[in-house]
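J.: Going down the list, the sequences are from chains A and B. Residue numbers are given in our numbering: position 124 of the first sequence equals residue 124, and the series is strictly consecutive. Residue numbers are given in our numbering: position 16 of the second sequence equals residue 16, and the series is strictly consecutive.
Simulated from the structure, these hints should not be mistaken for lab results. Hints are not guaranteed to be accurate.
Claimed, not checked - Just so you have them, the derived chain A footprint on chain B, three or more residues with Cβ under 8 angstroms:
1. 198-210
2. 247-261
To be verified - Partner residues aside, some chain A positions facing chain B, computed with beta carbon under 8 angstroms:
3. Leu5
4. Ala143
5. Ser218
6. Leu258
7. Thr259
8. Leu263
9. Leu270
C-beta: ideal position from N, C-alpha, C; glycine also.
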Amino acid sequence: MTWQLFVFMLINGLCQGMLLFIIASGLSLVFGVLRVINFAHGSLYMIGAFLAYSLSTVLAGESLLGFLILLMVVPPAIALIGFVLEVSLFRRVYRQEHLLQLLLTYALVLILDDLVRVIWGGEPRSVTRPELLAGSVDIFGMALPSYNVFILLVGPLIALGLWFLLYRTRTGNIIRAAVSYPDTLGALGVNVSWVMTSTFMLGCWLAGFGGVLTAGLSNIDLGMGMQTIIECFAVVVIGGLGSVGGALLGSLIIGTGLTFFQLPLGRWALVFPYALMALVLVVRPWGFFGKPER
Amino acid sequence: MERGKFKVLLALVLILFSATLLVSSNASAADVIKLGFIADVSGIGAPFYKSQKAGLDMFIEEINAAGGIKGKKLELVVRDSQLKPDIGANQARELILSEKCEFLIGPTSSAVALAATKVAKEFKKIIFFHTSNAEALTTTAFQPYMFQVVPNTGIEGRGMAVVLSKKPFKKYSLIGPDYAYGHDQLNSFKSEMAKRRPDVVILDTVWVKLGESNFSTFIPTLMAKKPEAIDAAFWGGQLSAFIKQAKPYGVFKEAPVSSLFDLDMLRATGSDMPEGLTGYARAPFYAIDTPQMKAFVKKYYEKYKEWPADWAIMAYDGMIALTEAMKKADSTESEQMVKVLGGLKFNSLRGERYIRAEDHMANVGIYSGVTAKSPDFKEFLIMKDVQAVPAEEVWLSVEEVKKLQSEQK
Numbered sequence: 001m002t003w004q005l006f007v008f009m010l011i012n013g014l015c016q017g018m019l020l021f022i023i024a025s026g027l028s029l030v031f032g033v034l035r036v037i038n039f040a041h042g043s044l045y046m047i048g049a050f051l052a053y054s055l056s057t058v059l060a061g062e063s064l065l066g067f068l069i070l071l072m073v074v075p076p077a078i079a080l081i082g083f084v085l086e087v088s089l090f091r092r093v094y095r096q097e098h099l100l101q102l103l104l105t106y107a108l109v110l111i112l113d114d115l116v117r118v119i120w121g122g123e124p125r126s127v128t129r130p131e132l133l134a135g136s137v138d139i140f141g142m143a144l145p146s147y148n149v150f151i152l153l154v155g156p157l158i159a160l161g162l163w164f165l166l167y168r169t170r171t172g173n174i175i176r177a178a179v180s181y182p183d184t185l186g187a188l189g190v191n192v193s194w195v196m197t198s199t200f201m202l203g204c205w206l207a208g209f210g211g212v213l214t215a216g217l218s219n220i221d222l223g224m225g226m227q228t229i230i231e232c233f234a235v236v237v238i239g240g241l242g243s244v245g246g247a248l249l250g251s252l253i254i255g256t257g258l259t260f261f262q263l264p265l266g267r268w269a270l271v272f273p274y275a276l277m278a279l280v281l282v283v284r285p286w287g288f289f290g291k292p293e294r
Numbered sequence: 001m002e003r004g005k006f007k008v009l010l011a012l013v014l015i016l017f018s019a020t021l022l023v024s025s026n027a028s029a030a031d032v033i034k035l036g037f038i039a040d041v042s043g044i045g046a047p048f049y050k051s052q053k054a055g056l057d058m059f060i061e062e063i064n065a066a067g068g069i070k071g072k073k074l075e076l077v078v079r080d081s082q083l084k085p086d087i088g089a090n091q092a093r094e095l096i097l098s099e100k101c102e103f104l105i106g107p108t109s110s111a112v113a114l115a116a117t118k119v120a121k122e123f124k125k126i127i128f129f130h131t132s133n134a135e136a137l138t139t140t141a142f143q144p145y146m147f148q149v150v151p152n153t154g155i156e157g158r159g160m161a162v163v164l165s166k167k168p169f170k171k172y173s174l175i176g177p178d179y180a181y182g183h184d185q186l187n188s189f190k191s192e193m194a195k196r197r198p199d200v201v202i203l204d205t206v207w208v209k210l211g212e213s214n215f216s217t218f219i220p221t222l223m224a225k226k227p228e229a230i231d232a233a234f235w236g237g238q239l240s241a242f243i244k245q246a247k248p249y250g251v252f253k254e255a256p257v258s259s260l261f262d263l264d265m266l267r268a269t270g271s272d273m274p275e276g277l278t279g280y281a282r283a284p285f286y287a288i289d290t291p292q293m294k295a296f297v298k299k300y301y302e303k304y305k306e307w308p309a310d311w312a313i314m315a316y317d318g319m320i321a322l323t324e325a326m327k328k329a330d331s332t333e334s335e336q337m338v339k340v341l342g343g344l345k346f347n348s349l350r351g352e353r354y355i356r357a358e359d360h361m362a363n364v365g366i367y368s369g370v371t372a373k374s375p376d377f378k379e380f381l382i383m384k385d386v387q388a389v390p391a392e393e394v395w396l397s398v399e400e401v402k403k404l405q406s407e408q409k
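So that you can see chain A by itself, here it is in the shape it has in the complex (with noise of 0.2 angstroms):
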């Protein structure tokens, strides 16, 4: 491998490694503040990129600012459909043992997942990328797609806006409290409540921004939900359960490992994020950037 090649390949792995990020943060995040393994997760993340489908034949054109306006739309509509969830579904199970959040969820997942198929049909659909995005950036004579780049320079985007969110406003440290000291936080006087229903809602506009830029990426079925769900899993046992900065360097493990080991490994390159998986569960299990269960 030349190394012109090398860097190719690396930009292009970075690429794949910050979508996943985009969606496997929203999950990481809900599960460090509400202690729910959100199943549905990928769920959403689907009904967002058939929601920026549905929106783009309306639009109907390949500008730039009908894109932008699927970026800025859709993500908050998944948030209410979180707004939604949790008030009515997730708020009565946070107490609960795991096993029957995960039936919840699961059931989540089954509904969901039967509502697109009604709604949307089983057809794959994509949305045109539009035309300032359609074409291609020249890296050492080798085409890598604008778009790919533009999720790049995105994804760094949302990992700043989160950290800044997270460790320098008065939200994101009641939210981390949330996470590490969730009743010394209630006898404050903070509505914790109101804390998880934004955490959640935060976890799926992530969810929506990732099913945006997934739409333009590449074709969106009914399958799609289930497959990123698993991988998401993957980043955040990698990164740690409940760490934003575990799922950026999980994601971008996985993006990068996928891309090189194609190469040397062809199909067997599908096992790397899984069998890292096990090796972390292995050698540490709370992940790079979690905390061991107290």
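Place chain B on chain A using the hints.
T.: Just chain B now, kept in the frame of chain A:
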């Protein structure tokens, strides 16, 4: 177990039980012939399904309007196998046992087909394959109750090798879906190419999971060894996703891509489809010049306001062969019909065809051509300079078939 809970459980079991009784009791009407269609309704096969269903519906409508078969009307029962073999096998059983279907119609996925053909054999029900086309269905997994009216993976892979061997390219990279269809297709391509052009090198074969439509991690690997041409064994939604994503990766500037350019894929890819790519189709309506096809296309367009894709044509042809067998056997019993399947002649939309006795493979070949814009069709490209590669030129010889069948698992 507590008493209360036990009662609830008992009640539930009773309800479920009576529900199944209800289902099975109302499904034995004698004046219809039910055809169970194990279909890949959702996922990347969805557009194919629509076309298949349209073709089948049209045939059934026509034959019922003409009085049906021996006074019995045909009726289609559809189940979604979701490209999953285990689901497909269960549904084949369900179609036979609770829906009382007398015939089965195959799916899109070869993997599902291989599972369904076993069920058909077990229950001795005739099944035909119009889209799923693993060569194994006629060889190592052969059973006499099935027949195939779609060019199989061997005919396609070797057929494309025949076409491409006439081109100057020496370095190929291959990419395909990682399941029966992709493997058969590319292996046949490789072996035939090696025979015809020993100087051709296959640089790499990239396998992608069936249904995966994000090619970002695969395309750089495919191009890493600088191939001069690419043979891709994708189909349908996966192929159009591949072509759309390959474009900004600059693939078409480096190497032309050959694959299955069926009408549904060409429609889905639209203006993203590059011109000048050599590919093939199974039944391109615009290039097959028979009076039956002309009449069919006209009727189809009037009914559905769109052109018939390969899948509609082949499903329709399958029904022609099936009803022809009923006529020849003068029976709708599969035991009687199976006796006449070998050697059965039928007047397909693609012209006169017959079912070879040894492997129940219809002599259907492929049609190769080069993608081009056409003034007649604005929304999609078609293939021009279409050449038929007849089945007889590339299908397995009877000796090869018999040898493979004797190795049956």
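J.: Next step is simple, just say for each hint if it's right about the structure.
T.: Structure-based check of all given hints:
For the region 198-210 of chain B, the stated coverage by chain A holds: 4 residues have a C-beta nearer than 8 angstroms to a C-beta of that chain, and at least 3 were required. Proximity of the region 247-261 of chain B to chain A, defined as three or more residues with a beta carbon under 8 angstroms from a beta carbon of that chain, is established by the 4 residues found. The beta carbon of Leu5 (chain A) is positioned within 8 angstroms of a beta carbon in chain B (closest approach about 6 angstroms), and the interface hint is therefore held. Evaluation of the Ala143 (chain A) hint against chain B yields a held restraint, the C-beta minimum of about 3 angstroms falling below 8 angstroms.
Checking Ser218 (chain A) against chain B by beta carbon gives a least distance of about 4 angstroms; that is within 8 angstroms, so the hint holds. Because the closest C-beta pair between Leu258 (chain A) and chain B is about 5 angstroms apart, less than 8 angstroms, the hint holds. Given hint, Thr259 (chain A) at the interface with chain B, holds; its Cβ is 5 angstroms from that chain's nearest Cβ, closer than 8 angstroms. For Leu263 (chain A), the interface hint holds, since its Cβ comes within 8 angstroms of a Cβ in chain B; the closest pair sits about 5 angstroms apart.
The restraint placing Leu270 (chain A) at the interface with chain B holds, with a minimum CB-CB distance near 7 angstroms, inside the 8 angstroms limit.
Violated hints are absent here; each numbered hint is respected by the structure.
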